[in-house]
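Asker: Residues per chain are reported as follows:
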Amino acid sequence: MNPSSAITAVTDRFPEAVSTSHTYRGDATVILRRQSLLEVTRFLKEDPEFQMNFLVDLTAVDYSAFGKGGRPAFFASSGVAVSPPPLIPDKDPWPGPPDPSRFVVVYHFFSTTHKHRLRLVVPVADADPRLDSVSDLWPAANWLEREVWDMFGIQFSGHPDMRRILMYEGFEGYPLRKDYPVNKRQPLIGPLN
Amino acid sequence: MPMELTPAPGSTPTQTGEPTDLETRDMMLNIGPAHPAMHGIVRIVAKLDGEKIEDADVEIGYLHRGFEKMAEQVDYNGVMPYTDRLNYVSPLINNMGYCMSVEKLLGIEVPERCHYVRVILSEISRISDHLTCVGATAMELGAFTVFLYMIKAREYLWELVEKVTGARLTVSYCRVGGVKADLPDGFTEPCQEAFKETRKVLAESDGLLTRNRIFVDRMTATGTISAEEAISYGITGPFLRGSGLDYDVRKDCPYAVYDRLPFDVPVGTRGDNLDRYLVRMEEMEQSMRIVEAALREMPPGPVLVNPETGRPIPAAEMVDLAKMGNIGAFSGACAVPGPTLEGSGRAQHPAIAAGEKRVNLPPKEDAYGNIEGLMRQFKLVMFGHGVRAPEGEVYFPVEGANGELGFYVVSDGSGSAYRVRVRPPCFAIMSALPKLIEGDSIADLTPTFGSVNMIGGELDR
Numbered sequence: 001m002n003p004s005s006a007i008t009a010v011t012d013r014f015p016e017a018v019s020t021s022h023t024y025r026g027d028a029t030v031i032l033r034r035q036s037l038l039e040v041t042r043f044l045k046e047d048p049e050f051q052m053n054f055l056v057d058l059t060a061v062d063y064s065a066f067g068k069g070g071r072p073a074f075f076a077s078s079g080v081a082v083s084p085p086p087l088i089p090d091k092d093p094w095p096g097p098p099d100p101s102r103f104v105v106v107y108h109f110f111s112t113t114h115k116h117r118l119r120l121v122v123p124v125a126d127a128d129p130r131l132d133s134v135s136d137l138w139p140a141a142n143w144l145e146r147e148v149w150d151m152f153g154i155q156f157s158g159h160p161d162m163r164r165i166l167m168y169e170g171f172e173g174y175p176l177r178k179d180y181p182v183n184k185r186q187p188l189i190g191p192l193n
Numbered sequence: 001m002p003m004e005l006t007p008a009p010g011s012t013p014t015q016t017g018e019p020t021d022l023e024t025r026d027m028m029l030n031i032g033p034a035h036p037a038m039h040g041i042v043r044i045v046a047k048l049d050g051e052k053i054e055d056a057d058v059e060i061g062y063l064h065r066g067f068e069k070m071a072e073q074v075d076y077n078g079v080m081p082y083t084d085r086l087n088y089v090s091p092l093i094n095n096m097g098y099c100m101s102v103e104k105l106l107g108i109e110v111p112e113r114c115h116y117v118r119v120i121l122s123e124i125s126r127i128s129d130h131l132t133c134v135g136a137t138a139m140e141l142g143a144f145t146v147f148l149y150m151i152k153a154r155e156y157l158w159e160l161v162e163k164v165t166g167a168r169l170t171v172s173y174c175r176v177g178g179v180k181a182d183l184p185d186g187f188t189e190p191c192q193e194a195f196k197e198t199r200k201v202l203a204e205s206d207g208l209l210t211r212n213r214i215f216v217d218r219m220t221a222t223g224t225i226s227a228e229e230a231i232s233y234g235i236t237g238p239f240l241r242g243s244g245l246d247y248d249v250r251k252d253c254p255y256a257v258y259d260r261l262p263f264d265v266p267v268g269t270r271g272d273n274l275d276r277y278l279v280r281m282e283e284m285e286q287s288m289r290i291v292e293a294a295l296r297e298m299p300p301g302p303v304l305v306n307p308e309t310g311r312p313i314p315a316a317e318m319v320d321l322a323k324m325g326n327i328g329a330f331s332g333a334c335a336v337p338g339p340t341l342e343g344s345g346r347a348q349h350p351a352i353a354a355g356e357k358r359v360n361l362p363p364k365e366d367a368y369g370n371i372e373g374l375m376r377q378f379k380l381v382m383f384g385h386g387v388r389a390p391e392g393e394v395y396f397p398v399e400g401a402n403g404e405l406g407f408y409v410v411s412d413g414s415g416s417a418y419r420v421r422v423r424p425p426c427f428a429i430m431s432a433l434p435k436l437i438e439g440d441s442i443a444d445l446t447p448t449f450g451s452v453n454m455i456g457g458e459l460d461r
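For the record, the sequence lines run as chains F and X.
Sequential numbering from 1 applies to the first sequence in our numbering.
Sequential numbering from 1 applies to the second sequence in our numbering.
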């Protein structure tokens, strides 16, 4: 299935679930409403045309600082005024961040039978950062969802074991959120039982 | 300590012959974070019934360095040294994966020779990664000789890497839109020499391991996982192929020039540690085959300037002449830079860089000798400038030594990536580790953990 026919197949099957879609740089991307996540992912896994048996990656992006420009605080000390060089013009522009929602959770799927890829993007609002867990369908999602919780503070309902994974218990904040300062230090903790 | 095995008076043996009222208790055993058999820092809390592992909890994150956060702070080329430290046994594959994903975002294509150079170095790295994995596993099972042999072979390969990149481990060799420098002159010969030695080592190790009763018995039927289960856990690479599914990014989603190079994808049948060992052994041979074919087929390098007639001028001298406006004194000459910049001159430049002025650094002769070149250099290296990708998001996978290594890059059009996400192959394998060791005995943990080939830098980022 090529990128555009994959998008058509999902859109035709779930017209209310899909908000938009694009094939930027040849990557088939479907932007979903979050209520229909489980329904669509189950379909993708079980439908013989798709057979997305491999959840490649599950991650999130915090779009709250998107396009705000400016250099990160990390280098702000130099105070050099800079003007940005021109961009490389894009013939097939990207439609931009999908939604005014702060976060998106990004799923990458691959089918080892049909050898096609698909990306699902699910916007998640800052007020209620919560999404359904797909760890029943793909055990791979177990640790990946824990990482998203750890790094972005997005909860997954129905997850069997929601704990931090890379950071330690007692760590405060979510380090990959854009409002978490890169040079912030937290006290080292002693061993926990 | 002698154990009382006879049943206590009054108790009746069950069908299995065990007394019923003998008290048994599960034991929790903590392994790691620092343990000789854990190559890396990871903690496993195992629930044991006798010697059998009933359940396990794997705790990771001890080597978390905030790669993804740091990649948002520096410019696109500045991420390169961080990628070296992901899988530090095969850093060139990480370099290549990151560069190719940014190139996809930029919409540029590197020259053919550059693709070949990257493929050659990736495959050399893959061999060194597999050598480390197999060698370490063998050592933990008592075959110390094999470990020493394999590290010896790895040394030959790292010498090759050093010849090309100037470093053995933290190579930072690729650049967005190219590589740092071309292959050195006459690279084929030392490469053939190193492969001859590596093949000798592989034959010796094969003789020491593949028919070794102790090794085979400990590897067979331990850490077994079926292909369906493996893929549902997101396991890829030699680990998945050991279970019989022939998914290889190089074949199934070919990138660079892999579709033109001859190689086979070995698969196992049983999905146990022995199969994964055999797959890795065969993959090393296939990688050497790829490199040999690539060296034969790659477009010839630049015609190097004859030192007698090519007017080589030390870089510092060229800069001084240019400062005084004495352009005629060095026009047409080639700069002789320091050893770290060798191979990045005007002659080699078209072969190693995409030719996009907003992405690639200029040839050294231009940077030293004329104002346009100098400005171009500054526009790319100065704070706040550098490569600026258009707004967008891409995912690009390459076949890392442990499986599918993917980079998901989001750009908001500024000088640094908005979000860089690595899909680390051994993260998926580690998440399946409790499943793999469950039901095996505690001693089987060693070969299983060895074949996982956990690389802390990549797992914890």
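Calculated from the structure, these hints are not laboratory results.
A few of these clues could be false.
[Said to hold, decoys possible] Quick list of in silico lysine to aspartate or glutamate cross-link-like pairs, EDC-like style, CA-CA up to 20 Å: (1) F:K115 / X:D264; (2) F:K178 / X:E140; (3) F:K115 / X:D259.
Asker: Hint by hint, note whether the structure agrees.
Answerer: Structure-based check of all given hints:
1. Restraint check for K115 of chain F and D264 of chain X: the C-alpha separation of about 18 Å stays at or below 20 Å, so the hint holds.
2. About 43 Å separates the Cα atoms of K178 of chain F and E140 of chain X, which puts this hinted pair outside 20 Å; it is violated.
3. The hinted pair formed by K115 of chain F and D259 of chain X meets the criterion: a straight-line CA distance of about 15 Å does not exceed 20 Å.
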